[in-house]
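Novice: Below are the chains, spelled out letter by letter.
Number of protein chains: 2
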Amino acid sequence: MPLELHENQGRVSLDTIRRLYRRNARLTLYKLIHKTHPAELACVYRYLNSAERQDIFKYVQRMEGLPLFLQELDHALIPEIFENYSALETASIISVMPTEELAELLDSFPEENADDIKALLNSKEQAELSEVLQYADDSAGRIMSHEYMAFHASLTVAQAIEKFQLMGEDVEMPFYIYVVNQDEVMVGVLSLRQLLLNKPDLLLSEIMEKDFIYVTPREDQEVVAELVTQYNYLALPVLEKDRKLVGIITVDDVIDVIREEATEDMMKMAGAGEDEDILLKTTLQNAGTRFPWLMASWIGGVVALGIIGAFESLLNQTVALAAFIPVIMGMGGNVGTQTSTIIVRGIATGHVNLEEVSKVILKEIRVGMLLGIIYGLLLGILVGFQFIEFHSPVKLSLIVGLSIFSSMSLACLVASVIPIFLEKINFDPAISTGPFVTTAIDIIGVTLYFFIAGSFLSL
Amino acid sequence: MPLELHENQGRVSLDTIRRLYRRNARLTLYKLIHKTHPAELACVYRYLNSAERQDIFKYVQRMEGLPLFLQELDHALIPEIFENYSALETASIISVMPTEELAELLDSFPEENADDIKALLNSKEQAELSEVLQYADDSAGRIMSHEYMAFHASLTVAQAIEKFQLMGEDVEMPFYIYVVNQDEVMVGVLSLRQLLLNKPDLLLSEIMEKDFIYVTPREDQEVVAELVTQYNYLALPVLEKDRKLVGIITVDDVIDVIREEATEDMMKMAGAGEDEDILLKTTLQNAGTRFPWLMASWIGGVVALGIIGAFESLLNQTVALAAFIPVIMGMGGNVGTQTSTIIVRGIATGHVNLEEVSKVILKEIRVGMLLGIIYGLLLGILVGFQFIEFHSPVKLSLIVGLSIFSSMSLACLVASVIPIFLEKINFDPAISTGPFVTTAIDIIGVTLYFFIAGSFLSL
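Chains A and B, in that order, give the protein sequences. First residue of the first sequence? That's 1 in our numbering, and the numbers climb one at a time after it. First residue of the second sequence? That's 1 in our numbering, and the numbers climb one at a time after it.
This is chain A alone, in the form it adopts within the complex:
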């Protein structure tokens, strides 16, 4: 029966699995798990509790789709699931995975355990693993698949079809055929469709596409994702410097990269680390990830404390000034967050041309000034009417209006310059949007405000 997909499908399975587990209906549970799609099961696993995860894994472990299940599972759950397994048992269970997935999975174990498990893989698996691990995290070499079809250029279409029929079942995404010469150097590519559309006696070298895009295994995953997105390819070949084909990156891996990068960027922009799985961590781990980022904000607050302290006599004379601190900080902070988010995302999606940054920055400043004028006027007018009992309402009006204007303009300047500068020096601009930019803007805003107030009130 065809599966119709509806939003609560996952939830239905979750309830059923739980019920069967609680009733200890082993056989039914076993059968249900074996007919559930591994990806769906991985999704359900997220919502089980610790004991359920461990117990139910005894059934999952024997399913055919185990490699896909382990691949799709949130990796933060892995160590817990294998807690009661010896390193040898773990090694034998996870060795069914493709090497690049195995490398990623091992990363989720504490280093000591991972080393123990690695040592118990067989020598072929170990060799393959070392090959993957030679590439840096987040490089193309780490996600490329080693299962692909590379055919010699001298084959005819008929021979290629025959060869495909022999091996087609083992290959994950057999939609492109990579054409290599006698030295395994890639010389062209063709799609399965082209095999079917051409005469059987033509040579692959005659029908292949010789203009193709490739990446090296050291290329950044984000660049690979960008290429696949731009050109709408289903897979990209990965070539070593000598143009030898060493792997392919498929579109499903690219989708994972895009999602992970987006999540990482959002987390970094909020100053919450970059751990996709933070929701699955303990309170202590969660707080530990977030603690250092808040330090920026704390130090900024202490600096602001010192600055305001320096203006104590001014404050003593005009205590009403204190009441405007929140609105001046808030407006600068929020307009700055808007700017830095627009710029950081613009850099990530290629909308910011790094050759013409002055245009981008100048526009942000214009926007900041425009918004600053409007909100400064609004607050100035409000103050003019509200604080008539103040000894000089016009002065106060001018002070707060001018402070809003200058803090919002400067906020846009700072919030656009910092991410662009970070990108230029090859730092991740996403980290700038978080507490750093906000804190810088807070300090600038408070200083400007008291400086402006001091100038006017001493007149």
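None of the hints are false.
Copies of the same chain look alike in the list, so a pair counts if it works inside one copy or between any two.
Straight-line alpha carbon distances no greater than 25 Å define the calculated DSS-like cross-link-like pairs of lysine-lysine that follow: (1) 199 - 163; (2) 58 - 31; (3) 210 - 35; (4) 241 - 210; (5) 363 - 281.
By construction, these hints were calculated from the structure, which means they are not laboratory data.
Could you slot chain B onto chain A? The hints should help.
Specialist: Coordinates of chain B only, in the frame set by chain A:
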């Protein structure tokens, strides 16, 4: 020669195109454009100025890859490019696009112009367009492709291959073959690979996969993206309620959806609207998009102003209290942003189980309390040492420490409850992270602080 991809490839083309344009080297420019990949050209277009875009489009207009170029181009640039074309010319140029892309493109014109252009399409194109437009924005029906292969179940493998050879060249992503019965009802699916792997005299109904996942044209694009990501499919069939096949959604469209949704979420989370193309807008449009979101922050600031005003006598008595406003607001605001980002992204990626929200919220509160204790202690100790000239350093220490603790804990509560509540009532949780949550937290923090200060100092 194979294209090696490197980061500045786009930039090289940009410079070359500009140089040729300035030298008025028409023929060379024409040739260069015609051998550039349309997707790359669309990317270069982003960085040209207005006049260059309009002039160079005269060459682009005649290229074979025009539909792909228009599809990949930032849509904010469309109206400008067609500025000097009549509605009839525009209609005839853009009618080369697939209907679903045409519908999206028309959306980028001012409504009046779009209506004029629509009226000038031929009647077949108009009928197809109305069919697409019957579905809501962001629904599967809007992005589904109408080019797919649907074969009858009674065909043999050999007949199917023959039919494929006749039509395979016209279909965008011919990797799945959809099997239908005599009523055009979808009954199964098979991949091109399966055609090649099976005996020629078998019927499609014998080899097809009968268990398949599909969506309806009214399904939300995000749900479709979720399914494709989870199951690693290259395309999903779209079926009407009577199970008639009406289109397919391909993985390249899904990638665009994922990226757009991520950008939209980031922008909403920063309170910067949800316009992907904001960087291409004028200063006025940009400021206009951002203005309303800042209003929340402004109103919040005015409320804080009123609250602090209410504590004027307390401030008069202890003016040092003013200096702590920034640090208390900053810590609450930043920890709250962390929490709401984690929760909002967790909801978007399926990491937050909406059936067990109390667990999620309680953990956030624990994290907030833990971080609040640490940062409260740090500030309390600092104050104890720094402000010894204050009449009661211990009291001030307690006031600020306790205020940090309570504002950070409450911030985590508010920042986790609001997005979950919004999701439950089917509102987009991403909007909550922006100025709304921050402003609410600012007000709560300031109120708590003065309340605590008032209680201690009147002792």
